[in-house]
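K.L.:
In case you want the letters, here they are:
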Amino acid sequence: MLVQLKNVNKNFKSMQNIVFSLNSINLEADKGEIVTILGPSGSGKSTLLNIIGGIDRADSGSIIIEGVDLNKLNDKEITKYRRNNIGYIFQFYNLIPNLNIYENIEVSTNISENPLKIEEVLDGVGMLDKRNKFPQELSGGEQQRVSIARAIAKNPKILLCDEPTGALDYKTAKEILNLLEYVNSKYKTTIFIVTHNTAISRMSDRIIRLRSGEIVENIKNNNKISAKGVEW
Amino acid sequence: MVMVLNKKIKRVILSQKAVYIGSIILVMLSSLLYTNFNISMKNVEKNKNLFLKITMIEDAKVITQKPLENISELENKFNVLIDERKQLDVNINSNTVLRIFEKTEKVDISYIVEGKNIESDNDILLDPNFAKANNIKIGDYIELPFGKFIVKGFFSMPDYIYPLKSDTDMMVNYNNFGIAILSKNKINEINKGINYYLIKYKSKDSYKIKDYIAENNFIIFYQDIKDNPRYSFVDAKLMGSTKMGSALPVIILLLTSLLVCIVIWRIIKTEFSQIGTLYALGYTKKEILFHYLSYGNIIALLGGVSGTILGLIFVKPLTSFFISYFNIPLIENLFDIKYIIISLLIPYIFIIPAISFVTLKALRLSPVNLMRGNNEIIKIGILEKKINITKLKFISKFRIREVTRSLPRLFVLIFGITIASMFLLLGFLYKNSIDYLLNQSMNEVYKYEYNYVLKAYEDDNNYGGEEYNLSAFKVENKIESFAVLGIKPDSKMINLTDESGKSISINSVIATRPLSNTLNIKEGDKIIITNKYSNKKYEIKIDKIAEVYTGNNIYMPLSDFNKIMNLNENSFIGIFSSNKLNIDEDKILKFETKKDFEEAFKTILNPLKASFAVISLFAFVISLVVIYIITGISIEENKNNISMFKIFGYTNNEINSLILNTATIPVIVGFLISIPLLIKSMDALFRSFSKGIDFAFPLKLEPLSIVLSFIIMIGIYELSKYLSKKKILNISLSEALKSQRE
Ligand SMILES: Nc1ncnc2c1ncn2[C@@H]1O[C@H](COP(=O)(O)OP(=O)(O)OP(=O)(O)O)[C@@H](O)[C@H]1O
Ligand SMILES: [Mg+2]
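Just so you know, the protein sequences line up as chains A and B, in that order. Going by this note's numbering, the first residue of the first sequence is number 40, and it counts up by one from there. Going by this note's numbering, the first residue of the second sequence is number -17, and it counts up by one from there.
Bound conformation, chain B alone (with noise of 0.2 angstroms):
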């Protein structure tokens, strides 16, 4: 009996072909970035913990005083492994660092991602990253003081993921910075840099080496793998696209069932004597219920399909975009079967509810009632009853009337046309912010050129420039490290401004927006911090917050920073200037120009910019399908009262403007909201997921962004008023003159 029930099925969703097309490209959106960022992130991880394992990363690293004597012994009393390595930093020009490291046989082992593993003593390995950006490739060879080398091969080194020049840093700059590997004999000859022990523990109680180590030797330096930067940064921001990546797709999907829901009520609606035919054969409402559960069936099978297969194609190209962040190789792709599953029943899981939502709506009402037709069910709403439109024009009328006669429908258009274009924003919102952000920083905070850190802190400054002390500091149980900076109250060289934008004279301590975001602290907080290099604890309190965008920092009067610290009161290590110092080399530390910075920034947002094309291009697909099918709805459920305009003499222009102008208030205001909830999301968003990044987004949205935006919506209505024409062309004038009432 069903089976004659679900030949119709085809016929409906023939007659119906946009509308399925349309809710099936939204299902196959809402798999595709499902499957695509679940599994990719998945395979990041894998592919991370699959890398950790194999290069075997250290628990600790640890620098003693004396050498350790009797490596085997402890390893074998404490259950762990043991590498010495050494390592030393060479400067490969004025401003690029190459840090070299002895190559390990036990613990942090060198993978080779690229090219062959060292073989003799002239082999060098080089961080891939760090090759491209000096353009350097396999086989090419490089001078340094103590020879010429040749490239054999690029590496990843599990203590390294994240490249850091030093623990304070908290953007890698692949420029400026870079890791290599050069053999055991090699290193020894150099006989030069720091020596240090890389412990892998393999129990439990393996830990307890440190306590041994203290009593029998001393440490200088001992670090756990977590409190590493370079390793620990990774998790924190996988995490924010992790986020991203579940939101989305449930997003489309919400709108989707709800558009299906639109869907599948008109089709029931059509359907009502039919429905209470059946009912009053016998039929039961559970294989009513089934027959229209079909419907939904195949959007969500050919949705949910497709929409898995090309996420799953894509997976490579994601996965390497994210890992291209880091410098973790892609060993082998890891899909997780768990996550394709999930995306195949996703869609069902929203369909099915909202189908039976309808269907069962409908099945309340009595067999004699349905076989009536609707009239029992269309009610004239109060909101329809109560809207005094008298006065309008007839044109604005029917438009509000049509508007206003079915609220779901209108919520659907609303809602859909509110994420596309918060997704449509969010490309302008980002780049706006960026520029903003870039502008700010370069033009108005930092007013130097040069930045100079010396190794040493001096007393009189006698080259020139801005003198500042400066010390890295930490606070409990948070991997990010910070500045505090000490400056001339009077400085020339930093400019920081409250959020009115007037300047805030340095005579308190004053932190940065990204560090307040990522130490969750307000003005007036009193906070410990700890100095990353004495571990001694102080306890200072944040007076203001600075609205600057770039620097985990605090800022606080020189002569302040050195009383704390307990140094001399004009004592200083870094100086701040707008012209190049004459400073010896010997005594530099570090070097950087206002440029660097503003290249290495630029060069760690750029890869976004592609994922914004492809938001863009969701934007589009989904305001067109949304708008396309609420208007396709309308023409169909008005073909009567098309027909009818047409018998009066209403030309073909005048039946468009009365129907497919209609989406115009609800588009308009769709859009309008879509700014404020767009900045708000964004903004618990970034909150969330930009801690341990040294940059907070100030969330800029430019007038002129809004308006291209709101050109690009207006637009892509033109076009699906356009696709909507022909249909209301296609109506014949006999429908109004054979058809009973609807």
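Just chain A, same shape as in the assembly (with noise of 0.2 angstroms):
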């Protein structure tokens, strides 16, 4: 088991009231797994990938990854952590608007400690021919190739990808699933997909599903389809 949670809490207060709680999450997601969590806005889907990612702490519970129980490092620990196993994509991309897109790659590859060629990461999501632009000279759709490239060049065990489309159009979004997948099986990487989208669900390993901070349903999803497939 690559990704384990038990009994994992979290509470947002404010003042002296809580605002929101994660109560006691429980899940699993093995090696090379695609794992997309589901939920209305608001649930908890990004505090609970953070938490993962070693972004956020969570309150109680344990987190354990490979065998090392997160809950357990100190923050210089945690930040090797996810030095050295997380890849991060965002909603809005966030490459950084200074540097072309070879360098925005370098941001990641400059950290780690087996990275991959940025060439052929940036070949593998279609953007070497690109290397030498700036962010805003490309569209949304590319923005995100380079995101995915940033951070697939470390070579993470875990890929995390909060609303990865959610800024994208029908057709752009679908190549960034796809680009997931041939991600998820060129590297092994595990992925988490969060997600408003369910279509999105069918194309992964596992489903999670949240609502006010619950896991309300976790499953095998044994009709995964390729993400050519996916259509909503």
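No lab work stands behind these hints, which were simulated from the structure alone. Heads up, some of the hints might be wrong.
[As the list claims (entries may be wrong)] Partial list, computed: chain A residues near chain B (C-beta under 10 angstroms):
id, residue
1, Asn123
2, Tyr127
3, Asn133
4, Ile135
5, Asn137
6, Leu138
7, Tyr141
8, Asp201
[What the hints assert, rightly or not] Distance ranges between label pairs, derived from CB positions:
id, chain 1, residue 1, chain 2, residue 2, range
9, A, Lys111, B, Lys375, 33 to 41 angstroms
10, B, Ala262, A, Lys227, 49 to 57 angstroms
11, B, Lys375, A, Asp114, 25 to 33 angstroms
12, A, Lys267, B, Lys375, 34 to 42 angstroms
13, B, Val232, A, Glu159, 55 to 63 angstroms
Backbone N, C-alpha and C fix where the C-beta goes; we use that ideal spot for every residue, glycine too.
Got two chains here, separate frames each, mind docking them using the hints?
P.N.:
This is the structure we're talking about:
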């Protein structure tokens, strides 16, 4: 088991009141799996993803990644965990505007112990010819491709995608899904995809549904289809 | 409507506290400098004028062959005041001369600075600087050849504001020369010294008295007050300081307004969509502009007011500081309201156009473009596209991108560091230059230890040492006089060198560097010089300029000098010697040791040290503020990126190194630029105001000083980096998660 969450709780408080909480979350994911996390807005999807990514801390419970409990790590160790294991794809790409495409990828290879070749990754996402362009010169879909390239270039074990297609049109969104599937099969990366879009779950191995901070559904998808077949 | 908008000003300012405080400090510094310098200078000037008025300064001094008769008749006829005054020099010890004047009632009245006026014939008044230098206090007794006197008070006298011993001297030396006043009775009783008349004009035609006296009596000596260096040097010396006092604040304000530009532009950029919305809602450009102007209002107001107040507080010490160079009393502190008003307005004059410029730049965009955010405006600069940095390491690439991202910011950073470094280097430049100058003069040029000037020309030197000849000259339209020395062509006592440091043999006419600055002459120029004693004119050609930094002198071979002056071939009046000579006291007019000269020089320069300490403090504040603000903006702008770096697993140290070290190269560049710039500007400054001072500034900056300044500058840089670290630490990881593209 690559990822294992046991009884994870997380509260957000304002003053004295708890405004939101993730309650006793249990889930597991194997190496190479694609996991989709579904749920309405405010149900805690991003919070859960961030806890897995070591970006946010749980209040209690254990988050065991390859046998190591994240909740027992100090800040330095958790930074190191993120550095070596996590790739992150944002809804709004978050490319650095004054770096060109190639340099944006270097942002992540720069701190990686065994990065992939940047040219190879760029080629994989179909952006090699745009390597000297700057983010503003690219369309949204192209920027997200670069963002994926950036995330996988450091060769992470886990790829976290928060609404990766949220800002994209249908056609571009599908290209991005294809790309994620390609990354998954080529590098055996475990991918967590947070989405509003239920259709996307059809390409995943495991579907988790959240409501008000609780897992209301956690199933293995036995009818997994390829990204090409996903329609909405 | 606008009121609603203005509510957010406070919030924005609080969120950018450091930036605001920094800008306010810079404005404060410049207002402080401006008010302080200008009001103090004005104060000095006004006090000087008041003093001259109270003390009835003479318009001319005249020595006649026969005493003037019917003084009151003359006074009426020419509408003048005439006072008779006796003066005599007394040797207090072998090296110190006290010049004693008779107390006058109508013209050149002595002004009591401290203590009381003369009441009895055994009372004496002293020059306060002389008293201080010789450790004499009010109530002390001093012994003179004709009696014992009690020091009743300290005084100033308008025709001796700058108490030079002789007209041809260039520097005062309070250790060796002072002035004093005795009662009329006492002076008449002593009945020695010279007697002359002080004339004060009361109408336009009063000057005609000169012709009248010349016809009816005989004029031995006549001097207009403006030809009296003891009076006219003051203006020349104050000029330079005034120039500095108005230039510095302007430079700092310029820097501040550039900085404010950048800060406001940054605020505006984050508020593009708001501006667009307001615009679309029907707010006018004017309303939006006024809103942003109020950001600057706070800086200009707080900075201007606090700076002006601080400036006023320091008026008194600075005035005293300047006045202490001269013998002018501080009669009252006169604050010129004009400068206070200007000082309060100046920050606005700089900041309002600056803010208007950036605001209007944003308002030129259409509301739609503004609302869409700023992506229209983040264009990739040609520079960014063009520079080829693919080969570099990522860290360097990132820093280069960061630095070149905003050229205005880069410019302000470099400009700020350049200014601050110049301030910082100034103190070192000063010290190195003085050290060099003293060392050169004392050890390399003037090889003698003792210098004797005799009362009369002699032909045979039986005293030993090396004889020379000397006379004082001036040129038309210049108040400064200078000495022409005839010295032995193979002189062992004076070693003049040229630019390359090679000795110049004395077989031609050589002027010193300070004299060439004063008279504005270069090698090959012909000048007409007038002898101060005989009034005869001579034309001489300057063959060479010697790189000697002290002394307003012209050197020529002794035999040439004597030929020109119509003296005997071997005539001399002075002797340089490396050991003490046995010369009859009565024959000596003046005797000085090299040590005296060195001491006098040092005392004159000492007070400047304090001002360099203050300037260094300015350097510190300016560079800290500039680096801190620029780094702060850089962090602010990179907030999202920093947060993302954190998510990616960059350690804090790595992020600090990426973001904070981007300024390293600009800081170094700014520092390097400052060195030639400082030397150039100081050269110009000294050229303009060292006229009349009998030393030139060699402007030396030792490598060690440069290294030290550099270390200090890097220290300040590290300090501001250290202060910024917390800001980076405080950026949360979620920043990148929630934010839209910026
Ligand atoms: N740092 C925080 N402090 C306080 N409350 C927070 C914080 N972060 C998230 N929350 C709250 O936790 C709840 C879950 O947020 P989360 O971002 O996980 O939802 P989500 O499922 O990702 O929603 P969306 O689909 O809109 O992105 C929300 O109600 C949110 O207001
Ligand atoms: Mg979310």
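K.L.:
Work down the list of hints and note, for each, if the structure agrees.
P.N.:
For each hint, the structure was consulted:
Because the beta carbon of Asn123 (chain A) sits about 7 angstroms from the nearest beta carbon in chain B, less than 10 angstroms, this interface hint is met. Given hint, Tyr127 (chain A) at the interface with chain B, holds; its Cβ is 5 angstroms from that chain's nearest Cβ, closer than 10 angstroms. Given the 10 angstroms rule on beta carbons, the hint for Asn133 (chain A) holds: about 5 angstroms separates it from the nearest Cβ of chain B. Because the closest C-beta pair between Ile135 (chain A) and chain B is about 5 angstroms apart, less than 10 angstroms, the hint holds.
The interface hint given for Asn137 (chain A) holds, since its Cβ lies 5 angstroms from the closest Cβ of chain B, which is under the 10 angstroms cut-off. A distance limit of 10 angstroms between C-beta atoms decides the matter here; for Leu138 (chain A) the minimum to chain B is near 6 angstroms, and the interface restraint holds. The beta carbon of Tyr141 (chain A) is positioned within 10 angstroms of a beta carbon in chain B (closest approach about 7 angstroms), and the interface hint is therefore held. Checking Asp201 (chain A) against chain B by beta carbon gives a least distance of about 7 angstroms; that is within 10 angstroms, so the hint holds.
A C-beta distance of roughly 35 angstroms is found between Lys111 (chain A) and Lys375 (chain B), which places it inside the suggested range of 33 to 41 angstroms. At about 51 angstroms, the CB distance of Ala262 (chain B) to Lys227 (chain A) agrees with the hint of 49 to 57 angstroms. Roughly 27 angstroms separates the CB atoms of Lys375 (chain B) and Asp114 (chain A), a value that falls within the hinted 25 to 33 angstroms. Separation of Lys267 (chain A) from Lys375 (chain B) is about 40 angstroms and conforms to the stated range, judged on CB atoms against 34 to 42 angstroms.
Take Val232 (chain B) and Glu159 (chain A): their Cβ atoms lie about 58 angstroms apart, and the range 55 to 63 angstroms holds.
Figure legend: structure checked against the earlier numbered hints; every hint is met.
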